[in-house]
Every structure is written in C-alpha cells, then in structure tokens.
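*Asks:* Taken in sequence, the protein lines are chains A and B.
Counting along the first sequence from 1, when you hit position 305 you're at 305 in full-length UniProt numbering, and nothing is skipped either side.
Counting along the second sequence from 1, when you hit position 6 you're at 6 in full-length UniProt numbering, and nothing is skipped either side.
Hints were generated in silico from the structure; no laboratory data involved.
Virtual Cβ for every residue (Gly too), placed ideally from N, Cα, C.
Hints may contain errors.
[Said to hold, decoys possible] Which chain A residues face chain B? A few, computed with CB under 7 Å, are given here:
id: 1; residue: G23
id: 2; residue: I24
id: 3; residue: F28
id: 4; residue: S39
id: 5; residue: V42
id: 6; residue: G43
id: 7; residue: V131
id: 8; residue: Q302
id: 9; residue: N305
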Amino acid sequence: MTNVKNTHDVHLSKAVERIEPSGIRRFFDLASSMDNIISLGVGEPDYTTPWNVREASIHSLEKGLTSYTANAGLLELREAISVYMESRFQTAYDPEEEIIVTVGASEGLDIALRAVVDPGDEILVVEPCFVSYAPLVSLAGGVPIPVPTSMENNFQVNVEAIKERLTPKTKAIMLSFPNNPTGAVMGREELAKVAALVQEHDLVVFSDEIYAELSYDEEHVSTAALDGMWERTILISGFSKSFAMTGWRVGYVCAPAVYARAMLKIHQYAMMCASTMAQYAALEAMKNGRADMEEMVASYRQRRNYFVKSLREAGLSCHSPGGAFYAFPSIRSTGLTSEEFAEKLLIEQRVAVVPGHVFGDGGEGHVRCSYAASMKQLEEAVDRIAAFVKNYQN
Amino acid sequence: MTEKERELLLLIEKEGRMSAEKLAKMLDLQLNEIKQMLHQLESRNVILGYSAIIDWTKAVGTEIVTAMIDVKVTPQRGRGFDEVAERIYRFNEVKACYLMSGTYDLSVVIEGRTMSEIANFVSEKLSTLESVISTTTHFRLKQYKHDGIIFVDEDGADPRIVVSP
Ligand SMILES: Cc1ncc(COP(=O)(O)O)c(C=O)c1O
Numbered sequence: 001m002t003n004v005k006n007t008h009d010v011h012l013s014k015a016v017e018r019i020e021p022s023g024i025r026r027f028f029d030l031a032s033s034m035d036n037i038i039s040l041g042v043g044e045p046d047y048t049t050p051w052n053v054r055e056a057s058i059h060s061l062e063k064g065l066t067s068y069t070a071n072a073g074l075l076e077l078r079e080a081i082s083v084y085m086e087s088r089f090q091t092a093y094d095p096e097e098e099i100i101v102t103v104g105a106s107e108g109l110d111i112a113l114r115a116v117v118d119p120g121d122e123i124l125v126v127e128p129c130f131v132s133y134a135p136l137v138s139l140a141g142g143v144p145i146p147v148p149t150s151m152e153n154n155f156q157v158n159v160e161a162i163k164e165r166l167t168p169k170t171k172a173i174m175l176s177f178p179n180n181p182t183g184a185v186m187g188r189e190e191l192a193k194v195a196a197l198v199q200e201h202d203l204v205v206f207s208d209e210i211y212a213e214l215s216y217d218e219e220h221v222s223t224a225a226l227d228g229m230w231e232r233t234i235l236i237s238g239f240s241k242s243f244a245m246t247g248w249r250v251g252y253v254c255a256p257a258v259y260a261r262a263m264l265k266i267h268q269y270a271m272m273c274a275s276t277m278a279q280y281a282a283l284e285a286m287k288n289g290r291a292d293m294e295e296m297v298a299s300y301r302q303r304r305n306y307f308v309k310s311l312r313e314a315g316l317s318c319h320s321p322g323g324a325f326y327a328f329p330s331i332r333s334t335g336l337t338s339e340e341f342a343e344k345l346l347i348e349q350r351v352a353v354v355p356g357h358v359f360g361d362g363g364e365g366h367v368r369c370s371y372a373a374s375m376k377q378l379e380e381a382v383d384r385i386a387a388f389v390k391n392y393q394n
Numbered sequence: 001m002t003e004k005e006r007e008l009l010l011l012i013e014k015e016g017r018m019s020a021e022k023l024a025k026m027l028d029l030q031l032n033e034i035k036q037m038l039h040q041l042e043s044r045n046v047i048l049g050y051s052a053i054i055d056w057t058k059a060v061g062t063e064i065v066t067a068m069i070d071v072k073v074t075p076q077r078g079r080g081f082d083e084v085a086e087r088i089y090r091f092n093e094v095k096a097c098y099l100m101s102g103t104y105d106l107s108v109v110i111e112g113r114t115m116s117e118i119a120n121f122v123s124e125k126l127s128t129l130e131s132v133i134s135t136t137t138h139f140r141l142k143q144y145k146h147d148g149i150i151f152v153d154e155d156g157a158d159p160r161i162v163v164s165p
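Generate coordinates for the entire structure from the input sequences, incorporating the hints supplied.
*Replies:* Structure, rendered in structure tokens:
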C-alpha cells in the first residue's frame with residue numbers, strides 16, 4: 001500500500017464524529033481471528049431462505065424484471081403486507097398511502113427517525129436494545145435518552161422509568177418487542193400502561209416489530225393495535241428474521257399517511273426503491289411463506305426451551321425470553337464483567353457470545369446468546385459454557 | 001392427539017435417536033411425561049419403529065439396487081386390490097407397496113443386491129401371480145432426496161459471519 005499524503009484538511013460532520021463504531025465490531029474482529037469456534041453471537045436465523053422464495057426471485061430475474069419499482073415498492077407487495085398486517089396483528093394500513101417497502105428494517109428505522117426528529121429533540125430509547133437505535137437518533141440530530149430495563153422486571157418497560165426521563169424536549173419513544181438482545185415481550189396490559197403515558201404526553205412511538213412472528217408463549221401484540229395508538233405509531237418491520245431473509249435487505253414501514261408521505265420523501269431521494277429482485281422474493285414470502293415460517297418458529301421455540309433450561313443448569317440465571325432468538329443470561333455470579341466473560345469464554349472455550357453492554361448500559365452484567373444455531377452446536381456450547389462457569393463461580 | 005404429541009412425533013421423525021432428556025427440555029415437559037408419551041404412542045402403534053436413514057452408496061461393498069415397479073392387476077371380487085397387494089407386500093424383497101390412482105394400480109419398491117436378482121423376482125414371483133396383468137420396472141439410478149432427507153453432499157459450513165447485530 002502506498003501512503004498518500006493527505007493534502008487537505010479532513011472535514012467530517014459533527015454528527016458522524018459524535019457516534020462511535022458499534023461495540024459489536026470489536027468483538028467481531030476478535031472472534032473472526034480465531035478458528036473452530038461455536039458462534040452464539042449471530043443476530044440472524046441459521047436457516048437459508050426457504051426455496052420457494054429463492055426460486056421466485058430467480059424467476060423474476062429470468063423474466064427480466066430488473067428495473068426500478070414504484071418508490072414505495074411494488075404495489076402488489078404493499079397490498080400483501082397490508083393484508084398480512086391486518087390478519088396477523090389487527091393493524092390495518094392502506095397499501096397506497098401508508099406502507100413503504102424499505103431496504104431492510106434498518107432503512108425503515110432511519111427514515112422514520114429522520115422524518116420525525118428535529119435537532120435537539122429527545123428520543124427515549126428503551127435499553128438494552130438493537131445497536132442501531134441511539135446512533136440513528138444522533139445522526140438524525142436528536143438526543144437519545146436511555147430508559148433502562150432490568151432482568152428483575154423481565155426487561156419490561158417501566159412506566160415510572162419513562163416518566164422520570166420526560167422533559168419538554170421529549171418527542172418520541174423507541175420500543176422493540178420481542179426484543180433484541182433480551183428476548184423480552186410486552187403483553188397487552190403492560191403495553192397499555194406505556195400507551196396511556198405516551199398519549200398523555202403526546203409522543204410519537206417508533207415500534208420495531210421485526211421479531212413479531214417469533215413470539216413463543218403468547219400472540220404478539222402490536223403497539224399500533226392498541227386504542228389510540230395507531231395515529232401516533234410508526235411501525236417498522238421486515239422479512240429478515242421471520243422469513244430467514246437477512247441478506248435480501250427488504251423490510252417495510254407502516255404509518256399514518258402524514259408520516260408515510262414524509263418518510264417517502266427521504267426514501268425516494270436516498271434509495272429510489274428497494275431492490276426489485278428482493279421485492280419479488282418478499283412477495284412470495286408473503287403469499288406462500290407461512291408454512292415454512294411456522295416450522296422455523298416451532299424449531300426456535302424448542303431450541304429456546306432447551307437452551308434456557310440448560311443455561312440455568314449450567315449455573316447462569318436467565319429470565320425466560322418470550323420471543324426473538326436470544327437468551328440474555330446474567331453473568332454476575334462469575335464476578336466478571338460482560339466484556340471479560342465474553343472474551344474469556346471465547347479464548348478458553350471457543351464459544352462466541354456478545355457482551356451485553358454493547359446494547360446499552362443496562363446490558364452490563366449480561367451476555368447475548370443467540371440460539372439460532374443447530375441443536376448439535378447448542379449442546380456443545382452449553383457443555384462448554386457450563387465448564388467455564390464452574391471455573392469462575394466457586 | 002395433543003399439540004405436544006404432534007410436536008414430539010415431528011421431532012423424532014426427523015431424528016429418532018434423540019434422548020428422552022433432550023426431548024423433555026425441548027418440549028418443556030418433565031422427563032417422565034415424555035417417557036410416558038413415547039410409550040403410549042408406541043403401544044397405540046402410532047410410532048411403528050425407529051430406523052436410521054443410510055446412504056448405502058457410501059458404505060463400501062454394500063451397494064444395493066432399487067427398482068420401482070408399476071403393476072397392473074385385476075381386482076378380486078369382494079376384496080378389491082387388498083388380496084393381491086398382500087401377496088406382493090409379504091415378500092421380503094418388497095420395501096414398499098402402494099395402491100395408486102392412474103395408469104397402473106400398485107407401485108412396488110424392490111431392493112436387491114444385483115439387477116438380475118430383481119429381474120428374477122419380477123419374472124418369477126411378481127408376473128406369475130394370477131391377477132397381475134403387467135409390470136413395468138424402473139431402476140433407480142441415483143438418490144437425490146429420500147423421506148425428506150437430501151442425499152447430495154452439501155458442505156455444512158455456516159455462511160454467517162461470526163458475530164452480527
Ligand atoms: C430489533 C432489530 N431491528 C432491526 C434489525 C435490522 O433488520 P433488517 O435486516 O431488516 O435491516 C435487526 C437486526 O438485527 C434487529 O435486531
């Protein structure tokens with residue numbers, strides 16, 4: 001590599017300088033430098049996209065469907081999403097005005113925040129949470145205000161904790177259930193308490209429901225389906241998790257038309273539209289994907305049961321995660337920090353988990369273990385974790 | 001049939017050797033509940049047996065030949081196809097036997113060590129049965145998928161990156 005001398009001053013935006021690279025990055029670098037590890041550090045399904053979905057995309061290529069679609073996405077796909085949302089989660093959205101197909105839920109989160117946040121606005125972010133939330137709030141000019149949750153409370157959002165953090169600048173709250181990394185779900189009653197507060201203070205809700213289908217003990221309750229919430233909710237979801245389609249980069253946002261129109265402006269200039277081939281795949285997933293999805297969900301549930309029980313037997317206390325595919329055990333009994341635990345476990349036993357603090361301060365004292373791995377890998381991982389914990393616990 | 005029974009069956013259909021302990025954990029049941037459930041399903045003949053799926057092409061020196069035979073028969077008064085079907089499926093060489101709709105009546109799967117062994121079976125045992133009108137023998141050349149299991153070697157490597165959000 002030649003070293004080109006920089007002949008001009010570097011000009012970076014303050015917003016981008018303010019944010020840190022993801023804490024996951026460091027751990028990824030460490031883990032990928034090692035061989036023969038069992039990874040429970042992966043935030044995606046261990047399935048390949050079901051064949052009929054892949055095949056539909058191949059077919060779209062064969063037919064030469066390779067041009068842009070409408071900015072908001074194929075109307076047929078939006079219609080299918082509309083039917084799906086109403087039949088599965090009792091939240092009705094007009095496919096023409098209230099649904100936008102995005103480049104993953106990731107883009108959905110970005111355009112939702114950018115459409116709502118003004119510089120200086122405070123956005124409550126329930127933690128621990130998906131690593132992108134706080135940085136995306138900052139990039140949109142807002143100030144992320146963490147609202148902690150804890151294992152003692154099953155990682156449910158506590159209304160008092162929200163109240164304490166409300167200021168005149170508070171504009172919105174970010175909710176995500178079932179949750180990454182805790183696997184927590186919110187029941188109707190608990191959610192209704194949050195909803196009442198949200199209405200009282202006239203907040204917008206960003207509700208990331210990408211794990212909605214992966215809810216194992218009870219039916220998922222959508223924030224937008226609660227009384228008085230549809231008007232103020234921007235719902236973000238996608239195909240990555242429930243249909244095993246992470247690499248396709250296709251997701252969607254659903255929101256009242258005023259919000260959808262605003263988001264569409266950003267999406268139209270920044271993205272034009274989501275990938276056409278991926279949209280055809282997503283359409284097939286919506287139309288004929290249920291059986292495969294249900295089979296995957298059943299299998300995650302079995303693995304959740306197995307894995308969480310085994311973690312407890314190994315001596316780690318762990319709440320029962322009702323959804324997603326993560327367990328978030330406490331590792332306090334080992335006397336190690338999350339970072340130390342994850343690093344030592346990786347080096348001594350070759351099992352990769354993610355230290356909890358990368359998901360926000362509330363995650364310290366925990367590690368995230370994804371059970372989207374084969375039973376064989378899980379069994380081996382559990383044995384190794386048990387041996388490790390025994391070493392540190394006495 | 002309860003939901004848990006169904007779930008148990010689906011699991012052991014895929015992998016019959018799973019230990020009762022593991023099944024109990026996966027289905028969130030007590031060990032004795034699983035044992036009892038298995039016992040009941042066995043005694044009700046819902047579970048008929050436990051077997052392994054083997055790729056014989058890889059077990060050196062044990063190659064077997066499989067043929068699928070379409071059989072046309074004359075049904076018998078009173079017993080329809082059942083009587084002739086029984087006379088066929090009782091043979092040890094017959095691994096499977098189905099009554100079919102369409103251009104022929106019975107579909108019979110035969111296994112043997114050599115092609116001539118199968119040819120002999122067809123010409124001497126099967127075709128000579130009185131109600132058998134005709135047979136068409138198809139030899140199986142390659143097994144891609146059997147009972148839901150894909151036989152083509154796929155590299156089992158996990159393509160996912162080791163740590164992701
Ligand atoms: C809570 C949550 N939201 C959004 C995403 C991103 O999903 P997508 O692949 O659709 O961009 C993830 C992925 O890990 C996630 O865990």
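*Asks:* Was the hint right that F28 of chain A lines chain B, CB cutoff 7 Å?
*Replies:* For F28 of chain A, the interface hint holds, since the closest Cβ of chain B sits about 4 Å away, which is under 7 Å.
*Asks:* Go through the hint on Q302 of chain A and say holds or violated, using the shortest Cβ distance to chain B against 7 Å.
*Replies:* Since the shortest Cβ distance to chain B is 4 Å, the answer is holds.
*Asks:* Hey, does the N305 of chain A contact hint survive, CB to chain B under 7 Å?
*Replies:* With a minimum Cβ separation of about 4 Å from chain B (threshold 7 Å), the hint on N305 of chain A holds.
*Asks:* Per the CB criterion, is V42 of chain A less than 7 Å away from chain B?
*Replies:* Holds, because the Cβ-Cβ distance from V42 of chain A to chain B comes to roughly 5 Å (cut-off 7 Å).
*Asks:* For the hint on S39 of chain A, does the least C-beta distance to chain B fall short of 7 Å?
*Replies:* holds (5 Å)
*Asks:* Does G23 of chain A pass the interface hint, meaning its C-beta sits closer than 7 Å to a C-beta of chain B?
*Replies:* violated (10 Å)
*Asks:* Given I24 of chain A as an interface hint, is its Cβ closer than 7 Å to any Cβ of chain B?
*Replies:* Hint holds; I24 of chain A Cβ to chain B Cβ min 6 Å, cut 7 Å.
*Asks:* Per the CB criterion, is V131 of chain A less than 7 Å away from chain B?
*Replies:* Since chain B brings a Cβ to about 5 Å from V131 of chain A, closer than 7 Å, the hint holds.
*Asks:* Quick check on the hint: G43 of chain A CB to chain B CB, less than 7 Å?
*Replies:* holds (5 Å)
When held up to the earlier numbered hints, the structure conflicts with hint 1 and nothing else.
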